[in-house]
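A.B. asks: Sequence:
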Amino acid sequence: MLSSDTNPFSLPTPSSGFLDPSQLHTGSSNSTNNNLLTSAPADLFDPLSTNWPYFSHIFGWGLDSDIDADLGIQPNMFENSESGPISSTENLSAAWLLSITPRGGSPTGEGKEQEEMKRDPFGRNHDNPWPNIFKPKMPDRPLTLGGVKASPRTDRIRGHPSAIEATSRNAMLSLVYLSHQAMWLMPDIEDFPDQETLSDFVDLYFEQFHATFPILHRPTFSVDNTSAVLLLAVAAVGATYADREFRPLAVALSELVRRIVQWMRASDQRSKFDRNLLVSYMLQSLVGVACGSREMMLHAEISRCSLVTSLRRLHLLRPGRSASDDLLSKGGQPSIHDKWLAWVEDESRRRFGWGVYLLDAQMAALLGIPAIASVNEAGVQLPCDDRLWDAPDAASWWTAMQEVQASGVNHDLPFLTVFRGIFTGQSEVIGTSDFGRSIVSHSMYSKPYLALQTLAKDTNPQSDPSHLRLSAAALYHHSRIAFSFPGLLNHVKVASGKYEPDISKAEAKAWLERWVMDLKDVRRAVWHAGVLNALLAEFPLGAFPEAFWAFDCALVLWAIVKYDGDRLRATGPRPALFAANWFDVEPPPMWIDHGGQLILPFLGSSTGFTVHNILGHFIDQLRQMPWGMAGMYKQVLEKLVEQEGALVA
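Residue numbers (the UniProt record's numbering): 1 to 649.
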């Protein structure tokens with residue numbers, strides 16, 4: 001951060017040739033530093049710290065081979081001080097969509113007949129207004145800002161946050177200049193909004209949009225301490241709610257944000273995990289989904305993959321060391337204000353993760369495409385009660401905290417607990433905030449079990465079924481394992497040796513020992529894993545999902561036999577015999593309720609299940625599969641066999 005008496009930005013000079021984006025700030029000369037993180041160690045939350053154990057654990061089971069070196073990539077990309085690529089792979093931009101300038105002619109110079117003979121790679125015979133179909137056909141031209149000179153509302157009442165200073169606007173313009181060198185044609189910024197208009201757009205963001213996507217903490221949001229790119233992203237969203245003639249400016253500003261983000265991520269690898277940049281990227285993607293630009297929608301579909309990847313890499317929805325934990329570890333009695341600041345940091349980080357998750361789920365529901373993030377990836381509680389998040393200061397927050405605790409309603413339930421309770425009809429969302437309710441609703445939307453069950457039942461026995469036909473039944477059984485028992489797959493993988501940042505091997509074993517006490521859940525898991533294995537073993541078709549499904553079945557059955565094998569092998573005072581087949585869908589209710597001997601194809605009788613024969617079957621099965629991942633999974637199972645032999649010895 002620059003000192004208060006230093007010019008907030010400077011253009012590149014021949015000596016440097018590069019302006020560090022991290023040195024751009026938007027504070028006025030008399031602003032104060034109100035950073036929320038007051039007590040965290042320098043590298044505690046730093047995703048670039050080489051102390052992170054994740055970097056040496058390829059695949060998660062401690063395979064220490066340097067894949068990056070094998071592929072010719074820098075072993076440590078963060079040691080590279082060079083600016084990165086200066087060219088773009090994009091041939092066309094959103095400029096021609098955002099400009100009001102009429103366009104005509106063909107960039108290729110070919111005649112009309114030749115153009116008509118060309119096959120449309122998008123499968124269209126003519127243009128149409130659907131926003132999900134984008135067919136670039138015009139050359140790049142400078143981006144214009146809607147062709148209008150925007151101005152603030154005449155009846156605007158100054159509100160929170162404070163007005164944007166000229167230095168903030170200058171920092172935005174500096175980013176625009178730098179981000180368009182060599183990558184894009186320089187946009188026409190003559191109509192770039194002045195600071196009063198930008199302030200109005202920021203006000204509109206909080207007045208109109210914030211309640212629908214509450215990821216920013218309004219009470220501590222300050223234009224003086226907010227990065228220029230995030231401020232521009234907020235203004236772009238706010239411009240959507242401005243007067244109609246100004247709304248094209250929202251698309252143009254959002255496109256500028258996208259270009260700035262791309263430039264910063266290409267120029268400095270560290271920015272790939274910068275939270276301000278990622279929040280800006282998320283807001284820009286949200287605009288891209290709904291703004292009506294075909295190219296922006298295309299970019300939004302692409303960027304959500306990057307956002308979900310960042311969500312996973314930063315473990316935003318996984319429990320871990322928090323600012324509140326660090327504050328308490330310092331000893332003494334922290335003030336209410338310090339507690340509030342630490343809580344705001346933790347909740348802001350969590351809400352950013354939930355924002356990425358919800359945006360992905362919304363795009364899946366609205367566009368009819370699969371979600372990228374899985375419900376099992378969310379291991380933290382849902383967003384807090386709205387009263388806590390909206391508290392204007394520390395005293396109000398503390399009062400609201402006392403009220404929430406006195407209500408007797410548990411507002412800190414983990415997401416998976418709430419999800420399973422609602423799915424099974426065992427609980428309601430009484431203590432869930434509106435943000436949390438929306439997250440759960442979108443998660444439920446993408447889990448149509450009844451429809452999947454119908455497809456699974458329709459997988460009738462055939463002499464030569466295809467993998468695609470069998471996949472419905474396989475997905476059904478796997479989904480019952482994954483979602484009927486939230487956390488099971490994650491814990492069995494950790495117990496088998498996979499590294500996870502928030503769960504130790506001992507904790508995973510303790511979780512499994514508690515879980516196997518519910519015999520009905522154990523029997524359901526055994527049934528679905530056994531039937532799925534029967535389907536895979538009956539029809540080994542060599543499709544790559546088979547390795548993943550077989551491995552999950554192996555670990556589930558291994559964990560159950562290891563931690564509760566005696567009760568599973570017991571036949572009871574009145575022995576009963578049950579049998580399963582690959583085309584079965586639901587287990588016999590009598591066996592679920594009372595147990596007994598179960599015969600599973602290729603695995604035999606449940607009375608004879610041992611760790612060695614279960615793992616031995618799946619090792620042989622994985623050995624026959626053609627995909628390399630099957631070989632890696634086989635090594636994991638072989639290591640478990642070795643460990644079991646050492647325990648016996």
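I should point out that these hints are in silico values taken from the structure, not numbers from a laboratory. A quick note: this is a predicted structure, and the numbers were derived from the prediction, not measured. The reader is advised that the hints may include incorrect statements.
As the list claims (entries may be wrong) - Calculated cross-link-like contacts (lysine to aspartate or glutamate; reagent style DMTMM-like; alpha-carbon spacing at most 20 Å):
hint : residue 1 : residue 2
1    : Lys339    : Asp412
2    : Lys149    : Glu165
3    : Lys639    : Glu500
4    : Lys498    : Glu644
5    : Lys149    : Asp188
6    : Lys520    : Glu500
7    : Lys505    : Asp412
8    : Lys505    : Glu377
9    : Lys505    : Glu644
10   : Lys149    : Glu190
11   : Lys505    : Asp346
12   : Lys505    : Glu642
13   : Lys339    : Glu245
14   : Lys509    : Asp564
Unchecked claim - Distance windows between CB atoms, simulated:
hint : residue 1 : residue 2 : range
15   : Met444    : Leu173    : 41 to 47 Å
16   : Met629    : Arg244    : 50 to 56 Å
17   : Arg321    : Tyr241    : 36 to 42 Å
18   : Leu468    : Gln181    : 44 to 50 Å
19   : Met517    : Gly421    : 47 to 53 Å
20   : Ile369    : Gln181    : 43 to 49 Å
21   : Phe548    : Gly645    : 22 to 28 Å
22   : Asp412    : His217    : 31 to 37 Å
23   : Asn376    : Val641    : 40 to 46 Å
24   : Gly497    : Gln181    : 34 to 40 Å
We treat Cβ as the ideally placed atom computed from N, Cα and C, and that holds for glycine.
A.B. asks: Of all the hints given earlier, name the ones this structure violates by number, lowest first.
C.D. replies: 6, 7, 11, 13, 19, 20, 22, 23, 24
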